[in-house]
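For reference, the chains in residue letters:
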Amino acid sequence: MKPYHSLIFEISQSDRSAVDLPDSDVDTINLNDKFPNHLLRETEAELPEVSELQLIRHYTALSNKNYGVDSGFYPLGSCTMKYNPKLNEDVARLEGFNRIHPYQSTETVQGAMHLLYQLQEDLAVISGMDAVTLQPSAGAQGEWTGLMIAKKYHQQNGENRSKVLVPDSAHGTNPASAAVAGFETVTIPSNADGLVDVEALKAHVDHDTAALMLTNPSTLGLFEKDIVEIADIVHEAGGLLYYDGANANAILGKTTPGKMGFDIVHLNLHKTFTTPHGGGGPGAGPVGVVKELTPYLPVPRITKEGDQYRFHTDEPLSVGRVKGYYGNFGILVRAYTYIRTMGPDGLRQVSESAVLHANYLKKRLEPYFEAPYPQICKHEFVLSGINQKKLGVRTLDIAKRLLDFGYHPPTIYFPLNVEEALMIEPTETETKETLDAFADTMIQIAKEIEENPMMVLEAPHTTVIGRLDETKASRKPILRYTKQE
Amino acid sequence: MGSTFRYLPDTAQDQQAMLDALNIDSIDNLFDDLPTSIRLNGELPIEKAIAEPLLMKKMQQLASKNTNANQHSYFLGAGTYDHFIPSVVNHVISRSEFYTAYTPYQPEISQGELQAIFEFQTMVCELTGMDVANSSMYDGFTSVAEAAALAVSSTKRSKVLISQAVHPESRAISSTNASGLSYKVEEINLLDEITNLKELQQKIDQDTAAIIIQYPNFFGSVEDLNQIKQIAESHGALLIVSANPLALALLQSPGHLGADIVVGDMQPLGIPMSFGGPHCGYFAVNKKLMRKIPGRIVGEALDANGKRGFTLALQAREQHIRREKASSNICSNQALNALASAVCMSALGKQGIRKMAQLNVEKADYMAKQLAKKGFNVINRAPFFNEFIVSLPVSARTANRKLIEAGFVGGFDLSIDYDLANHMLIAVTEQRTKAEIDQFITVLEAL
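Going down the list, the sequences are from chains A and B.
Under the numbering used here, think of the first position of the first sequence as 1, with each following residue one higher.
Under the numbering used here, think of the first position of the second sequence as 1001, with each following residue one higher.
Think of the hints as simulated: they come from the structure by calculation, not from any bench.
Among these hints, one or two may not hold up.
Stated by the list, open to error - Using 27 Å as the maximum straight-line C-alpha spacing, the simulated BS3-like pairs for lysine-lysine come out as follows:
1. A:Lys476 to B:Lys1287
2. A:Lys163 to B:Lys1325
3. A:Lys202 to A:Lys152
4. B:Lys1288 to A:Lys472
5. B:Lys1057 to A:Lys472
6. A:Lys152 to B:Lys1355
7. A:Lys483 to B:Lys1057
8. A:Lys472 to B:Lys1287
9. B:Lys1355 to A:Lys86
10. B:Lys1325 to A:Lys483
Said to hold, decoys possible - So, partial list: chain B residues that the calculated Cβ filter (under 8 Å) puts toward chain A:
11. Thr1036
12. Pro1045
13. Asn1068
14. Thr1080
15. Ser1346
16. Lys1374
17. Arg1381
18. Lys1402
19. Ile1441
20. Val1443
What the hints assert, rightly or not - Residues of chain A placed beyond 10 Å of chain B at every Cβ, according to the derived structure:
21. Ala18
22. Glu44
23. Ala176
24. His235
25. Gly238
26. Glu305
27. Val319
28. Glu352
29. Arg394
30. Met454
For each residue, glycine too, the CB sits at the ideal point set by N, CA and C.
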């Protein structure tokens, strides 16, 4: 294939277009007669001008420079890069789902509302919660919504609790969401086994604790086996337990956050429930709560009266609106289709296979890379590149070398409590052959580091571009195209 | 027990081989660390799996229960519109190298996405007249709330003024956001259907971080940003404008009129209505606010050979690095929809987008004039883009019932969020024909 390096603005030529709109069938209007002069544009917005084939070739060339789950193995820890079923895409594009308006009367969208209602019920069962809102557009928005619920709940009980506890292995969004909800964050250290240090937790929990946010299994891929005790400690102090569902792919049909004692849960439908990541979004982050917190859920809520579905906004204790309309409906349609495809048996097998795959891959890599936590893992595990670092090669270099072999690298330098971390999540949708081939490649890279480190230090060798100077890109940022005269 | 699920590839032999390697008897051993008290006994009580052909049929049946824009003519807008989407858009976003990719944290194998977003940012800057745009937000409404939060943190003031002519959902989400971050949101009443500038003058003070205006406003009318900017500036407050990007093809850009932050939703350009989501918020700022903008931004960079590439830039603002000190908690955004709108804008081009916007103005104008001719009262005093208010002899709800029988989805019922009984907000996009408009009016006449 011919290399392609142009921006769409650089192939633009005046008077080309990829669209033909019909001519007006009503009277033409001189804009100057309708709008005051100072509110009309003097210069046109410089959008590109290309033919339809030019447009398609441009974006096809760009797509060829991009790597998705359909391109190859994508073991990005905590991101659950599993296969995105094609059926889900087709269903979401049915005209009865994607050409309907959020404000048309509810009698005319009963099919869509049935789907939303049923998905709420399914997610409530899967998470062990009593009620679910589908509004949040992503995990981070779910976290914020959940914490706003916690805040309002405490206020309603006459308390202004100001602190949210998060373990040191938590996702960055946890403390960031706590800040947006107006809380202070307190970090709880992990113990030597990588789990929440229960003694440290006890020392930090008090009457000012609004909630503890926990990912279980943690970002280290470890199950918090003391979860029942942890829940008791937080509840006894009057705090709530928040479940970050980023790692829910490990527990489907095996346990639920509800059983573990959590009060608020968000699920990332773009992780566990196969909706595509889209190059960064859109996702969906529904939030489930226990009965006591149901009145605080965002509005509108969907209710069923007889065989009719309705939207409800009259909820005096609600935290209010968190997102436009009813959430990322098209994403919700995909997740619903997936749940119907798998059923209870399928969902349980998802988690069983995900966990089996992670443990198998870990077993194969342990002899070559430091595994700081040797116990059974769940759907993901963390290795450390400290031994390789001693030889002058860093985890970043290993990641870049993997690109040469056609793999997307694991998550690197996260969680923060593991030095030179490599966080690997193989998912259940990969074959054993893929896991073995990836393990062989990692082992080969480990050998290269000993025998020919330059090969790794200078990687990648085969990509369309080499490592970019990101520091300069941030110091003197160029964030848009400007035409060179 | 090999699975029969098509997304699960493990055969019985595969599983056995992996169990052998792990030196365990069964997969259950891998869940030994779950305390017994929390384990589920028996299956999740949800519906059994449905095979693909049957499921597709079932989903089609469900979809067919919804009245949709393939069968009906939509005169309903209020933030979400039935616009023409060129076929190329769906073809490009269906390329799975784009839609099955994660956030482009590994630039060497994400140049396609990164470049497409860099181009998107450029197009948003062109339309809004701003210096910097990010790679997208959840939707236009949450973008308004994020803009308010940014104004409060950057001015260190504690109040924002928001016009009642800003979309009710933008105002509602802003007030939820404000209750978390402890700032005040005060509303400015309307004068007719536009922001009451006298009241704005009275309410603005030294503690006002920003004025928030919608352009065109919720009722379709074009607010005079010039005057509002002067009011903001005289008190050191920022001007936040929530703008319909299609209207910006014709209207003076908010950046040119002094806006500090411009936000909105790209839905009118290439994104299906989809019952309200996923759409695509955009967020643009002037240079001064560049390092405080929420969300991901793509920047140009060079590799060691001096070759141009693209990478995520200014990441020090973001949650994965700054944690509780980040400028926002946003992580996942609406990247695929940003791509969709970039493709749509590229297809329309510099002239096409103007033509599309012009068609909207002309058709809305035609309909308003025809309604007036037939004796209906069109309320808008200020010039409007593709939406306007009409008063009816009956409730909008009653009118909409008649309209749906005649094959139309009527306008937004303004008795819901405003005290305007028997008033309907009508949107007329380029999709509507003269014949549809005339027939719609005939139904209204018969009420």
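Each hint, compared with the structure:
1. A:Lys476 to B:Lys1287: Between A:Lys476 and B:Lys1287 the Cα gap is close to 12 Å, so the pair holds against 27 Å.
2. A:Lys163 to B:Lys1325: Satisfied, since the Cα-Cα distance of roughly 15 Å is no more than 27 Å.
3. A:Lys202 to A:Lys152: holds, 24 Å
4. B:Lys1288 to A:Lys472: Roughly 19 Å separates the two Cα atoms, so the pair holds.
5. B:Lys1057 to A:Lys472: violated, 54 Å
6. A:Lys152 to B:Lys1355: violated, 49 Å
7. A:Lys483 to B:Lys1057: Violated. A:Lys483 to B:Lys1057 sits at ~51 Å, over the 27 Å cutoff.
8. A:Lys472 to B:Lys1287: holds, 17 Å
9. B:Lys1355 to A:Lys86: violated, 36 Å
10. B:Lys1325 to A:Lys483: violated, 36 Å
11. Thr1036: violated, 10 Å
12. Pro1045: Where the cut-off is 8 Å and the nearest Cβ of chain A is about 6 Å from B:Pro1045, the hint holds.
13. Asn1068: holds, 4 Å
14. Thr1080: Check passed: Cβ of B:Thr1080 comes within 6 Å of chain A, closer than 8 Å.
15. Ser1346: For B:Ser1346, the interface hint holds, since the closest Cβ of chain A sits about 5 Å away, which is under 8 Å.
16. Lys1374: With a closest approach of 16 Å, the B:Lys1374 hint is violated.
17. Arg1381: Violated - the Cβ of B:Arg1381 stays beyond 8 Å from chain A, reaching only about 13 Å at its closest.
18. Lys1402: violated, 12 Å
19. Ile1441: violated, 13 Å
20. Val1443: violated, 15 Å
21. Ala18: The claim breaks: A:Ala18 does not keep its Cβ more than 10 Å from every Cβ of chain B (closest is about 4 Å).
22. Glu44: Check fails; 5 Å does not lie beyond 10 Å.
23. Ala176: violated, 4 Å
24. His235: Holds, because the least Cβ-Cβ distance between A:His235 and chain B comes to about 15 Å, which exceeds 10 Å.
25. Gly238: holds, 20 Å
26. Glu305: It holds; A:Glu305 is separated from chain B by about 17 Å at its closest Cβ, greater than 10 Å.
27. Val319: violated, 6 Å
28. Glu352: violated, 5 Å
29. Arg394: holds, 15 Å
30. Met454: holds, 14 Å
Hints 5, 6, 7, 9, 10, 11, 16, 17, 18, 19, 20, 21, 22, 23, 27, 28, counting from the list given before, are not met by this structure.
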